[in-house]
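**Q** Dock chain B against chain A, hints included.
Listed below, chain by chain, are the residues.
2 protein chains.
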Amino acid sequence: MNENSPVAGDDAVAIARVLANDHVADIVEALNREPRETASELLCEIPFERVVDIFDQPELEGASELIEALPRDKASKLLAAMSVDRAADLVRDLDEPARSELLGNLATPLRATLLSILGYPEGSAASIMTTEYVSVPSSWTVGQTLDYIRKVERTRETVYAIYVVDPKTNVLLRATGLRRLIVGERDDLVMDIAPDRTPVTVSPLTDSEKVAQLISKYDLLAVPVVDHGKILGIVTVDDIIDIMTQETTEDVHRFGGMEALDEPYMKISFLAMIQKRAGWLCALFVSEMLTANAMQSYESELERAIVLTLFIPLIMSSGGNSGSQATSLVIRALALREISLGDWWRVALRELPTGLVLGSILGVVGVIRITLWQYFGLYDYGEHWHLIAATVGAALVGIVTFGSLAGSMLPFALKRIGFDPASASAPFVATLVDVTGLVIYFSVALVILRGTLL
Amino acid sequence: MNENSPVAGDDAVAIARVLANDHVADIVEALNREPRETASELLCEIPFERVVDIFDQPELEGASELIEALPRDKASKLLAAMSVDRAADLVRDLDEPARSELLGNLATPLRATLLSILGYPEGSAASIMTTEYVSVPSSWTVGQTLDYIRKVERTRETVYAIYVVDPKTNVLLRATGLRRLIVGERDDLVMDIAPDRTPVTVSPLTDSEKVAQLISKYDLLAVPVVDHGKILGIVTVDDIIDIMTQETTEDVHRFGGMEALDEPYMKISFLAMIQKRAGWLCALFVSEMLTANAMQSYESELERAIVLTLFIPLIMSSGGNSGSQATSLVIRALALREISLGDWWRVALRELPTGLVLGSILGVVGVIRITLWQYFGLYDYGEHWHLIAATVGAALVGIVTFGSLAGSMLPFALKRIGFDPASASAPFVATLVDVTGLVIYFSVALVILRGTLL
Numbered sequence: 001m002n003e004n005s006p007v008a009g010d011d012a013v014a015i016a017r018v019l020a021n022d023h024v025a026d027i028v029e030a031l032n033r034e035p036r037e038t039a040s041e042l043l044c045e046i047p048f049e050r051v052v053d054i055f056d057q058p059e060l061e062g063a064s065e066l067i068e069a070l071p072r073d074k075a076s077k078l079l080a081a082m083s084v085d086r087a088a089d090l091v092r093d094l095d096e097p098a099r100s101e102l103l104g105n106l107a108t109p110l111r112a113t114l115l116s117i118l119g120y121p122e123g124s125a126a127s128i129m130t131t132e133y134v135s136v137p138s139s140w141t142v143g144q145t146l147d148y149i150r151k152v153e154r155t156r157e158t159v160y161a162i163y164v165v166d167p168k169t170n171v172l173l174r175a176t177g178l179r180r181l182i183v184g185e186r187d188d189l190v191m192d193i194a195p196d197r198t199p200v201t202v203s204p205l206t207d208s209e210k211v212a213q214l215i216s217k218y219d220l221l222a223v224p225v226v227d228h229g230k231i232l233g234i235v236t237v238d239d240i241i242d243i244m245t246q247e248t249t250e251d252v253h254r255f256g257g258m259e260a261l262d263e264p265y266m267k268i269s270f271l272a273m274i275q276k277r278a279g280w281l282c283a284l285f286v287s288e289m290l291t292a293n294a295m296q297s298y299e300s301e302l303e304r305a306i307v308l309t310l311f312i313p314l315i316m317s318s319g320g321n322s323g324s325q326a327t328s329l330v331i332r333a334l335a336l337r338e339i340s341l342g343d344w345w346r347v348a349l350r351e352l353p354t355g356l357v358l359g360s361i362l363g364v365v366g367v368i369r370i371t372l373w374q375y376f377g378l379y380d381y382g383e384h385w386h387l388i389a390a391t392v393g394a395a396l397v398g399i400v401t402f403g404s405l406a407g408s409m410l411p412f413a414l415k416r417i418g419f420d421p422a423s424a425s426a427p428f429v430a431t432l433v434d435v436t437g438l439v440i441y442f443s444v445a446l447v448i449l450r451g452t453l454l
Numbered sequence: 001m002n003e004n005s006p007v008a009g010d011d012a013v014a015i016a017r018v019l020a021n022d023h024v025a026d027i028v029e030a031l032n033r034e035p036r037e038t039a040s041e042l043l044c045e046i047p048f049e050r051v052v053d054i055f056d057q058p059e060l061e062g063a064s065e066l067i068e069a070l071p072r073d074k075a076s077k078l079l080a081a082m083s084v085d086r087a088a089d090l091v092r093d094l095d096e097p098a099r100s101e102l103l104g105n106l107a108t109p110l111r112a113t114l115l116s117i118l119g120y121p122e123g124s125a126a127s128i129m130t131t132e133y134v135s136v137p138s139s140w141t142v143g144q145t146l147d148y149i150r151k152v153e154r155t156r157e158t159v160y161a162i163y164v165v166d167p168k169t170n171v172l173l174r175a176t177g178l179r180r181l182i183v184g185e186r187d188d189l190v191m192d193i194a195p196d197r198t199p200v201t202v203s204p205l206t207d208s209e210k211v212a213q214l215i216s217k218y219d220l221l222a223v224p225v226v227d228h229g230k231i232l233g234i235v236t237v238d239d240i241i242d243i244m245t246q247e248t249t250e251d252v253h254r255f256g257g258m259e260a261l262d263e264p265y266m267k268i269s270f271l272a273m274i275q276k277r278a279g280w281l282c283a284l285f286v287s288e289m290l291t292a293n294a295m296q297s298y299e300s301e302l303e304r305a306i307v308l309t310l311f312i313p314l315i316m317s318s319g320g321n322s323g324s325q326a327t328s329l330v331i332r333a334l335a336l337r338e339i340s341l342g343d344w345w346r347v348a349l350r351e352l353p354t355g356l357v358l359g360s361i362l363g364v365v366g367v368i369r370i371t372l373w374q375y376f377g378l379y380d381y382g383e384h385w386h387l388i389a390a391t392v393g394a395a396l397v398g399i400v401t402f403g404s405l406a407g408s409m410l411p412f413a414l415k416r417i418g419f420d421p422a423s424a425s426a427p428f429v430a431t432l433v434d435v436t437g438l439v440i441y442f443s444v445a446l447v448i449l450r451g452t453l454l
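Residue numbers (the working numbering), protein chains in the order written: chain A, 1 to 454; chain B, 1 to 454.
Rather than coming from a laboratory, the hints here were simulated on the basis of the structure. There could be a bad hint or two in this list.
What the hints assert, rightly or not - Straight-line Cα separation of at most 30 Å, BS3-like style, residue types lysine-lysine; simulated pairs:
no., chain 1, residue 1, chain 2, residue 2
1, B, Lys151, A, Lys217
2, B, Lys151, B, Lys74
3, A, Lys210, B, Lys267
4, A, Lys151, B, Lys217
5, A, Lys151, B, Lys151
6, B, Lys267, A, Lys217
7, B, Lys415, A, Lys267
8, B, Lys217, A, Lys267
9, A, Lys415, B, Lys276
10, B, Lys217, A, Lys77
Model, not experiment: these values are computed from the prediction.
Isolated chain A, as found in the complex:
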């Protein structure tokens, strides 16, 4: 492709062919691969209808910058033609003055809708809902509903979920699916063919993760966002899939001990990457400095029994590893609501014996290791080698138990004070356990080695 005029000559023909046949998701992927200016130029060559489809895809990168580059009147037309939830996403990312200018050009009802969606906090059900759903009065028949759907189909994000409301109060009464309408008789009341139960709904401020759980649990195609009984909008299953993917990314990044990246790894700027990683790394580093303090306070013991230092890395890492296991288990169980905040003591009662058994297993392995090395002359731990072995073994029991307990309680503590439990990253747990691990190790050593080495 010619770098200066990417859409000239043969390319234009090729692009036209792609646009006619390719799925819009593939076109978006192709646009994402181009530099932003090329993508901007390409968009000018594409028929308006298709541009609307493209901007409707949440996967389009830099959509707000692309829309800013368009002539204002075209951009406004685009916003009006897009699905409402995507338009709200876009406007949210727009900078001033483009934001006010574009909103000013919109028809008053649409502007009001967008502003009300934008008024809800990010991550809430209302902030990701679309107002383009199908609702009909309970007095309508199946035939009337089908005729109505035929008319409005093009302007609705989904027509598979149909909401039946009270004709006077507009309060949501029932939810049904298009498949039930198809099977029903034209003269049946839509109210009668809908399942006879209160629909699953969420409130505007429900967390989007909770919305995902409900959609997954009840196998829904959409869930209505309801305020005082009236529908404000719906959240559809494909929005939820995108949110689940994004949440997993955030959790993995946080669990790795860093701020979640909001851009793909290869696209984020070097500086942004350093910023996202350096903060946590420094915080962990500063906390970990406590280990140096702990070591300093045991300096005289260290000098008398230098052999103790050999096992410091081994012992510390075991505490970190057992803590990391416990944390990941509890984070996930909390996320899946297998356990709730009030279950902390039941978890503690499970982790205590688990930690003791795991610690004993590692302790035995550690004692065997030291005995073998001593026995085969691979290393000489001195005349009191069996006491050293006992110290290492006993310390491992204590540290693994403490690691399991601390690691499992940390997500509860974080959740209790309002943080995401997934922030309890492995490095965070390890740092917490490291200092305590040193204290446990040297305390055990003082007890077992007093009168001999110490």
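**A** Same frame as chain A, but now just chain B:
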């Protein structure tokens, strides 16, 4: 509730009321809370139609044990009435002889279908597909198709995705949605109202994670599993949501350094929990023993400069933390296909400068810490304290850079040899980096401190 007869008297009335109105997902949740024997008893009181709905929910725990407890003829009727993909799941979990007995009781075509689904490897698209989809010949009109859907609706998992096949060869030609049929004229050919493009399909052996990605990318309600052009079955969006949730759980557990639990945290037996955790913990412990070997080989340096030991935990954890960050970034970028195996060198070229900058930041913080402590008399690092500070600073640059590089390359290496990159858990990376970290630290110390302390 009376422990001995949980469904007697008033309870029976209460349960009947729940069954009539509650969503099946709520009933499943209630059953999951009961001990298995009570659940089994309760199931006998529930009308057959409702039992089918209950067993169709993948969330039902111990479904294979529950079906084994039923009389064989009822169990066979249940398997026949369930959706095919769930029936296959259930049969997969059944033990002999129940499995053969139940399969033997089924009608030949259903048995053949189940056995063919069971023949595909776990985690493949075909192993999770259902054969209950809607496909029509391309010669049919919209009216014919709608009449057909009306007739078969009850027996199909979804009727929203409609597949148009060649009437002679049965080869898949087009995919369309029920909404297009509703809008079309009854006399239109179904082929003409379908979007004019090759449908998105997967092959029977496509990995279920890849299926999830396609459904998410193209916002599909279902994707057909196709072999030699013909549809074998479809995978629906709600199956994919369940799989995404399960994959996330597995990844979080693996990332925490343990085998993924396949049961909820509070339900898994104590012994199974120990087994899942002890294996990895021991493996990491044994690898980490190398740190003891590394320390032993530097014993004479340690004796001469005991002050060096003070910073060992700090330095080792920094390597582990930076490695953990890099690993989590790369695991996620690989999972989202932002990068592929061949991009390893581009990632290395990003991680090298990132590691150097992050290491320098930590190095400066470390030097400041030592200087401050020395200056304010909080600790006396001896006359060569500035050399100690230089050693710690330089070692941090080396270790963080190595940690970032090793952590980012490990997922590539695992993927290359056929493992899940998510197995590159934080503890695994930390263990890898710990030994190298010690070697780097003491090597730097030997260079900087030679002639003074060492």
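**Q** Does each hint hold? Answer for all of them.
**A** Right, here's what the structure says about each hint:
| no. | hint | result |
| --- | --- | --- |
| 1 | B/Lys151 to A/Lys217 | holds (28 Å) |
| 2 | B/Lys151 to B/Lys74 | holds (26 Å) |
| 3 | A/Lys210 to B/Lys267 | holds (23 Å) |
| 4 | A/Lys151 to B/Lys217 | holds (28 Å) |
| 5 | A/Lys151 to B/Lys151 | holds (25 Å) |
| 6 | B/Lys267 to A/Lys217 | holds (19 Å) |
| 7 | B/Lys415 to A/Lys267 | holds (22 Å) |
| 8 | B/Lys217 to A/Lys267 | holds (19 Å) |
| 9 | A/Lys415 to B/Lys276 | holds (26 Å) |
| 10 | B/Lys217 to A/Lys77 | holds (26 Å) |
Comparing the model with each numbered hint stated earlier shows that all of them hold.
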